[in-house]
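Participant: Given next are the chains, with one letter for each unit.
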Amino acid sequence: MLQQAFNGLVGGAFYALLALGLAVIFGMLGVVNLAHGAFYMLGAFGAFIALDSFGLNFWAALALVPLLLGVAGAVLERLFIRRLAPLDPLYNFLFTFGVALILQDLMKRRYGVNSQPYPRPPELSGTVDLGLFTYPAYQVFVLGVSALTCGAVWLVLTRTRVGMIVRAATERPELTRALGIDVGRWVTPVFGFGIALAAFAGVLAAPMRAVNPLMGADLIITVFAVVVIGGLGSVFGSVAAGFAVGLVSALGNLYVPALSQTLVFILMAAVLLWRPAGLFGREEAYR
Amino acid sequence: MILTRLARSGRAGVALLAAGLFAALVLPWLIYPPVALDIACWALFAAALDLLLGFTGLLSFGHAAFWGGSAYCTGLIALRLGLPFPVAVLGGTAFAALLALPIGYLSVRLTGIYFAMVTLAFAQMVYFVANQWRDVTGGENGLQGIPRELFGLDLSDPFFFYYAALPLVLAGLFAAWRIVHSPFGRVLVSIRDNPARARALGYPVERYRLLAFVLSGALSGTAGGVFAIGHGFAALDGLYWTTSGQVVMMVILGGIGTLWGGAIGAAIVVQLQDFLATAGFDGSGIVTGTLFIVIVLLFRRGIWGTARHLLAARRTAAPPETAEPKPRSRVDAPT
Numbered sequence: 001m002l003q004q005a006f007n008g009l010v011g012g013a014f015y016a017l018l019a020l021g022l023a024v025i026f027g028m029l030g031v032v033n034l035a036h037g038a039f040y041m042l043g044a045f046g047a048f049i050a051l052d053s054f055g056l057n058f059w060a061a062l063a064l065v066p067l068l069l070g071v072a073g074a075v076l077e078r079l080f081i082r083r084l085a086p087l088d089p090l091y092n093f094l095f096t097f098g099v100a101l102i103l104q105d106l107m108k109r110r111y112g113v114n115s116q117p118y119p120r121p122p123e124l125s126g127t128v129d130l131g132l133f134t135y136p137a138y139q140v141f142v143l144g145v146s147a148l149t150c151g152a153v154w155l156v157l158t159r160t161r162v163g164m165i166v167r168a169a170t171e172r173p174e175l176t177r178a179l180g181i182d183v184g185r186w187v188t189p190v191f192g193f194g195i196a197l198a199a200f201a202g203v204l205a206a207p208m209r210a211v212n213p214l215m216g217a218d219l220i221i222t223v224f225a226v227v228v229i230g231g232l233g234s235v236f237g238s239v240a241a242g243f244a245v246g247l248v249s250a251l252g253n254l255y256v257p258a259l260s261q262t263l264v265f266i267l268m269a270a271v272l273l274w275r276p277a278g279l280f281g282r283e284e285a286y287r
Numbered sequence: 001m002i003l004t005r006l007a008r009s010g011r012a013g014v015a016l017l018a019a020g021l022f023a024a025l026v027l028p029w030l031i032y033p034p035v036a037l038d039i040a041c042w043a044l045f046a047a048a049l050d051l052l053l054g055f056t057g058l059l060s061f062g063h064a065a066f067w068g069g070s071a072y073c074t075g076l077i078a079l080r081l082g083l084p085f086p087v088a089v090l091g092g093t094a095f096a097a098l099l100a101l102p103i104g105y106l107s108v109r110l111t112g113i114y115f116a117m118v119t120l121a122f123a124q125m126v127y128f129v130a131n132q133w134r135d136v137t138g139g140e141n142g143l144q145g146i147p148r149e150l151f152g153l154d155l156s157d158p159f160f161f162y163y164a165a166l167p168l169v170l171a172g173l174f175a176a177w178r179i180v181h182s183p184f185g186r187v188l189v190s191i192r193d194n195p196a197r198a199r200a201l202g203y204p205v206e207r208y209r210l211l212a213f214v215l216s217g218a219l220s221g222t223a224g225g226v227f228a229i230g231h232g233f234a235a236l237d238g239l240y241w242t243t244s245g246q247v248v249m250m251v252i253l254g255g256i257g258t259l260w261g262g263a264i265g266a267a268i269v270v271q272l273q274d275f276l277a278t279a280g281f282d283g284s285g286i287v288t289g290t291l292f293i294v295i296v297l298l299f300r301r302g303i304w305g306t307a308r309h310l311l312a313a314r315r316t317a318a319p320p321e322t323a324e325p326k327p328r329s330r331v332d333a334p335t
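Chains as they are written, first to last, in the working numbering: chain A, 1 to 287; chain B, 1 to 335.
Where hints are given, some of them may not hold.
Said to hold, decoys possible - One side only, chain A facing chain B, incomplete, derived with CB under 8 angstroms:
1) Leu56
2) Ala60
3) Ala63
4) Leu64
5) Tyr91
6) Gln261
Since the hints were made in silico from the structure, they are not lab data. Ideal placement from N, C-alpha and C gives every residue a C-beta, glycine not left out.
Input sequences plus hints: build the corresponding full structure.
Facilitator: Below is the structure:
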């Protein structure tokens with residue numbers, strides 16, 4: 001039972017990282033990025049390709065792949081997403097859908113639908129004794145790293161000048177601009193950063209989940225549900241809901257296995273009934 | 001009533017309607033009949049979505065739930081009960097409407113991008129349920145061997161089945177047209193354009209949205225049911241979110257808020273995919289994804305919308321600056 005809860009938290013770590021990236025991008029640009037899952041998938045493939053073709057180990061991939069994909073994301077924002085930004089946000093939603101389709105099928109054509117193997121880094125191949133039960137070291141590492149990352153992002157957003165600007169621009173773009181802050185300058189880096197977070201999650205997923213072109217497609221919709229539960233546009237809510245949903249679905253899996261995949265959507269329906277703005281969302285965020 | 005309305009829409013309208021009907025009738029002579037049936041089904045699906053997107057201003061990214069859900073229900077009725085296919089399709093339509101009721105009830109509380117996300121999530125839930133409920137849906141294998149039964153007539157030839165199924169599709173399209181041009185449809189448009197004012201005038205905005213959602217879901221179900229019978233199977237694909245995306249693309253390609261534009265979009269996309277499949281190209285997502293991006297970036301008015309715009313520009317001396325047709329949301333998300 002405790003072990004299952006721990007599994008849930010590890011799964012929740014991925015939800016949290018992806019939801020965090022989505023929330024940051026959504027907050028700053030008003031764009032719901034449907035290609036987020038595709039970038040997560042590219043992150044995992046990035047790790048695989050780095051090892052397979054360039055002999056770069058896990059740690060190098062963990063540093064390099066998010067950086068490269070983050071830059072790619074920034075380019076995407078500069079070239080296309082920026083143009084669609086003044087229009088209805090639905091157009092960017094559709095645009096990123098197209099991007100997701102292309103990325104997915106490109107990888108499918110190159111690597112097929114079968115999963116590619118990726119070994120655990122040797123430093124983390126053992127198990128850790130957590131007192132009540134032993135647990136694979138790698139999973140403990142994933143949980144720790146993603147919690148640290150979310151915490152770090154939270155600190156940056158709340159305690160630094162950059163974070164202040166981003167939060168202000170998220171909540172009141174016109175007013176922030178009127179105060180003499182160049183909001184546009186921050187849009188591209190924030191988008192790139194959100195994509196980098198997705199890629200980071202992808203690299204982390206490579207050693208413990210099957211690396212295949214469809215790995216991001218199902219996950220992203222679940223992450224959407226997580227974001228709706230946590231509160232649309234709420235960074236804290238997204239992360240908290242990410243871990244919570246991971247935990248709840250793991251425990252649900254234990255008691256009602258039939259509901260393992262649908263539980264998150266039932267939770268979402270309940271939240272919509274009770275608080276349409278989400279657990280941590282503000283009413284005005286959706287009205 | 002209908003005739004007077006037709007007469008009012010002018011000679012051009014009648015000519016277009018006649019041309020459309022003619023095209024629907026000769027289609028299987030011109031192209032491979034199964035492809036013709038696919039076009040007809042997707043055209044109805046696109047019109048059903050446009051009812052919601054173009055005339056109510058809500059972008060649903062979860063209509064695969066109704067298309068695919070009805071496909072399963074239609075297939076089960078035809079397989080297990082052995083009823084004639086129009087009855088099975090009607091059963092599927094009713095099922096889609098029933099499914100749309102709770103999903104719509106929860107989703108119409110949100111608008112714009114949030115509505116799109118939530119409908120997408122609910123459709124994915126339906127997908128997972130179908131995937132897990134193997135005893136009923138056949139899981140990954142889907143439902144196979146759905147019969148095309150109509151009082152002992154042999155409809156195994158896709159050419160004849162096209163004509164057997166066409167009345168259902170046309171009835172669906174007619175229903176969509178009637179809804180849009182009814183007083184109810186007018187209220188929908190006013191809600192799309194200014195929900196606050198519609199509310200102030202005393203219209204229960206949420207209830208109108210919900211009814212539009214259910215009607216749109218039901219018509220999508222008709223399309224999905226015919227599609228399932230025509231192919232002889234119902235598969236998980238039909239419930240997947242790429243199906244929802246594909247129908248949205250057809251509507252935008254044809255022109256949002258034009259109702260018939262979706263049929264043109266459907267014809268183009270289905271033909272393109274058929275061409276790619278015959279050519280043995282397995283990455284159709286690359287092509288459809290690119291098409292999607294190009295449309296969204298450069299061709300937001302769509303084919304029918306562009307034609308209408310050009311006509312309007314020619315009629316008036318000074319071309320009016322008509323606003324881009326956008327799927328309007330009540331309040332745009334914070335930017």
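Participant: Classify the hint on Ala63(A) as holds or violated, based on whether any CB of chain B lies nearer than 8 angstroms to its CB.
Facilitator: This hint is violated: Ala63(A) lies away from chain B, its Cβ roughly 30 angstroms from the closest one there, beyond 8 angstroms.
Participant: Hold the hint about Tyr91(A) up to the distance rule: shortest CB distance to chain B must be less than 8 angstroms.
Facilitator: It holds, given that the least Cβ distance between Tyr91(A) and chain B is near 5 angstroms, below 8 angstroms.
Participant: Hint Gln261(A) vs chain B: min CB-CB distance below 8 angstroms?
Facilitator: Since chain B brings a Cβ to about 4 angstroms from Gln261(A), closer than 8 angstroms, the hint holds.
Participant: Please verify that hint: Leu64(A), Cβ, nearest Cβ of chain B, below 8 angstroms or not.
Facilitator: 26 angstroms, violated
Participant: Quick check on the hint: Leu56(A) CB to chain B CB, less than 8 angstroms?
Facilitator: 28 angstroms, violated
Participant: Is the interface hint satisfied for Ala60(A)? The criterion is a beta-carbon contact with chain B at less than 8 angstroms.
Facilitator: 30 angstroms, violated
Of the numbered hints stated above, those contradicted by the structure are hints 1, 2, 3 and 4, listed in ascending order.
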